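Once you've looked at the hints, dock chain B against the given chain A.
If you're matching them up, the sequences are chains A and B in order. Residues in the first sequence are numbered consecutively from 24, following my numbering. Residues in the second sequence are numbered consecutively from 4, following my numbering.
By construction, these hints were calculated from the structure, which means they are not laboratory data. Since the structure is predicted, the reported quantities are computational estimates derived from the model, not experimental observations. A hint or two may mislead.
Claimed, not checked - Straight-line distance between alpha carbons at most 25 Å, and here's what the computed DMTMM-like set of lysine to aspartate or glutamate pairs gives:
#1 K9(B) - E84(B)
#2 K9(B) - E316(B)
#3 K9(B) - D36(B)
#4 K9(B) - E206(B)
#5 K202(B) - D209(A)
#6 K350(A) - E323(A)
#7 K177(B) - E84(B)
#8 K202(B) - E232(A)
#9 K37(A) - D209(A)
#10 K9(B) - E89(B)
#11 K350(A) - E294(A)
#12 K176(A) - E145(A)
#13 K177(B) - E298(A)
#14 K202(B) - E183(B)
#15 K30(A) - D235(A)
#16 K175(B) - E255(B)
#17 K202(B) - E294(A)
#18 K177(B) - D226(B)
#19 K176(A) - D278(B)
#20 K176(A) - D284(B)
#21 K175(B) - E298(A)
Stated by the list, open to error - Across the chosen pairs, the derived CB separations fall in these ranges:
#22 Q327(A) - Q276(B): 50 to 60 Å
#23 Q276(B) - T154(A): 53 to 63 Å
#24 D36(B) - R156(A): 46 to 56 Å
#25 L310(A) - K175(B): 52 to 62 Å
#26 F137(A) - R25(B): 24 to 34 Å
#27 R272(B) - S335(A): 45 to 55 Å
#28 R303(A) - R133(B): 26 to 36 Å
Idealized CB from N, CA, C, for every residue including glycine.
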Amino acid sequence: MTAPVGKKPVLTVKELVIEFQTERGVVRAVDGVSFELYAGQTLGIVGESGCGKTVTCLALLGLVPTPPGRIVSGSIELNGRNIVGLGDREMRNIRGRDISMIFQEPMTALNPVFTVGNQLCEVIRRHTDATRRQAHAQAVEMLAVVGIPAPAKRMGDYPHQLSGGMRQRVMIAMALSCNPSVLVADEPTTALDVTTQAQVIEQMVLLQEQFDMAVILITHDLGVVAETCEDVMVMYCGQVIEQAPASGLFTRPSHPYTAGLLASIPRIRRERLQELPVIRGMVPDLLSLPMGCRFSTRCEYADQRCQAQIPSLRTATGTDAAVACFKPLGEA
Amino acid sequence: MSELLKVENLSKYFPVRGGLLRRARKQLKAVDDVSFSIARGRTLGLVGESGCGKSTLGRAIIRLLEPTAGTVALEGTRITELTRRELFERRRDMQIIFQDPYASLSPRRTVGQTLLEPLETHRMMTPARRRDWLLELLEIVGLREHILTRYPHEFSGGQRQRVGIARALTLKPKFIVADEAVSALDVSVQSQVLNLLRKLQREFGISFLFISHDLAVVQHISDEVGVMYLGKIVEMTSASRLFARPLHPYTEALMSAVPVPDPARKSSRIVLQGDVPSPIDPPGGCPFHTRCPRVMEVCRVTPPPTVNAGSTEAPHFVNCHLFPVPNTEEDV
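Chain A extracted, bound-state conformation:
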């Protein structure tokens, strides 16, 4: 990842391991994930269901449900302070002020029985000394910032009175109201229609520049990643398998899984293929992972070494990409 000269990361995750106790045994949902994030940077995390992308981000906010979940080892440094193991009270001070999160379905994240204004003011007053009146003014301003028309009027609305796009904007306003250094967005536009998605993405990009925030964007939509992120992290079965600047990742993927994912998406206005290229097989069960590389059971290049050893993340020759593969593409 491209580290800006002389800047300190706002977020440093080191060797994070998270396990869940299930009826069938212990599942390691996140297995040794490390990354750094700088102010003004947007990092995209992609991967399929169960790859650990959401759990990783929940950990950043101290929201891993414990039990059954547990952070086994590793550290998360937010603005220079390790937040792993902090108590509930301390986490509540950090959440919303230093790091915020927006979710896929704003209807379930907003409280249906309070007005939008009520919920926005609560966040502001919880973290600042603002008076009721100041908080109200600031809330109206935030709604205007995220592009809600007639913001003062919307303050009295309940979530069900708003459209999906408007609700997601309210969520964003709420997340940004205390000017956090990190914003985690988990599939923020997945539940929205394409035309609404385009509006919300445009708004998010503008706001990020305005607030100089660091953003983590979790999504399964590689198109959204290409349009918004400078850097991309690809996860598979709890591990980071490739991490690279977006410009390189999309044109010259190093890991066979990344390449397979990119090839298997139908694209608009591209010549119609009789058959889409596919990644054969299925994501393995996290309770019975393959011995070596976790992708080896589906990889067309896998050999004996891949089946026996787990490759660690290293720089692929001639690229800016870090890749966890013994035989990355483009390296003969």
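Quick look at chain B alone, frame taken from chain A:
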């Protein structure tokens, strides 16, 4: 090419009740005067945003919902005029695949029981032959025999959707409505299921109505594509033509809103303002005029006619005042 399904002036209105006596006060025109046909072994894709009526249209065609007006004919038989008894007989020719197979498969029945039931109710095949056919079906959709004794919760999303597809195929239908059939699946699973649907079409000559909000998927799978907005089809032509040269401003905006996984692409995006208006009180004139970047005076007043902007051999129907009715060509 022989025509399999013909839909003429189909409408589905829902009464909106309100007031003291809960009388129907208004109509929600979910599907409003829609006509098209699908040839044997071909796929018509239907795109549009949430609430445009695409799912209602799919259900009205196979009479899971009773249409308000219009006719549907399958191989010349008017489905819309069948009695309950006749409709039951005819159902074997028309099946549907839903978005979420978890919600459409009975959790208390094994896959075998679910797949066998349609054959028993329709008294098709001898018991021995049924068993062979089920095994053949599983082979086709890429599942193994042992799943027959398993329950839906034991499967991954991709496997469940394969069961949903197998269920739709048991009666050897001629026509299948696929309603967001791949939308809930991960990218790598989605490409596998899309290839499966294409294979089925080649092998059995099934016609599909493929409903999806994902334009890239629709382009990949469809021969013809219809674009819906507020209950009406606003543009319809061959997939290749539509994606190469969209005519309706709504189609143009939809296509430009799709994020493309290529960071080098500088998007010239048309970001539509506002949300889709409520179908209970659709705007007068052209329903799209409130959001149309190319709106003219006439659009606010007069509903546009449907014209063929293509040729007789390669028709391209569009419902927009930008394309006036030519004198020589037929109005449809």
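Each hint tested on the structure:
1. K9(B) - E84(B): Given pair K9(B), E84(B) holds - Cα atoms ~14 Å apart, limit 25 Å.
2. K9(B) - E316(B): Holds - the C-alpha atoms of E316(B) and K9(B) are around 18 Å apart, at most 25 Å.
3. K9(B) - D36(B): holds, 13 Å
4. K9(B) - E206(B): holds, 23 Å
5. K202(B) - D209(A): Cα-Cα ~35 Å, so violated.
6. K350(A) - E323(A): The hint holds at about 11 Å.
7. K177(B) - E84(B): holds, 19 Å
8. K202(B) - E232(A): Given that 25 Å is the threshold and the Cα spacing comes to 47 Å, the pair is violated.
9. K37(A) - D209(A): Holds - the C-alpha atoms of D209(A) and K37(A) are around 21 Å apart, at most 25 Å.
10. K9(B) - E89(B): Satisfied, since the Cα-Cα distance of roughly 18 Å is no more than 25 Å.
11. K350(A) - E294(A): violated, 30 Å
12. K176(A) - E145(A): Holds - the C-alpha atoms of E145(A) and K176(A) are around 18 Å apart, at most 25 Å.
13. K177(B) - E298(A): holds, 22 Å
14. K202(B) - E183(B): holds, 18 Å
15. K30(A) - D235(A): holds, 13 Å
16. K175(B) - E255(B): violated, 38 Å
17. K202(B) - E294(A): Holds, at about 19 Å.
18. K177(B) - D226(B): Roughly 17 Å between the alpha carbons, so the hint for K177(B) and D226(B) holds.
19. K176(A) - D278(B): holds, 18 Å
20. K176(A) - D284(B): With Cα atoms ~22 Å apart, K176(A) and D284(B) stay inside 25 Å; holds.
21. K175(B) - E298(A): Distance ~23 Å between K175(B) and E298(A) Cα, so the pair holds.
22. Q327(A) - Q276(B): 50 to 60 Å: Between Q327(A) and Q276(B), where Cβ atoms are some 58 Å apart, the hint holds.
23. Q276(B) - T154(A): 53 to 63 Å: With Cβ atoms ~35 Å apart, the hint is violated.
24. D36(B) - R156(A): 46 to 56 Å: holds, 54 Å
25. L310(A) - K175(B): 52 to 62 Å: violated, 39 Å
26. F137(A) - R25(B): 24 to 34 Å: holds, 29 Å
27. R272(B) - S335(A): 45 to 55 Å: Violated: the Cβ-Cβ distance is about 40 Å, outside 45 to 55 Å.
28. R303(A) - R133(B): 26 to 36 Å: Holds: the Cβ-Cβ distance is about 31 Å, inside 26 to 36 Å.
In the structure shown, a violation is registered for the earlier hints numbered 5, 8, 11, 16, 23, 25 and 27, in ascending order.
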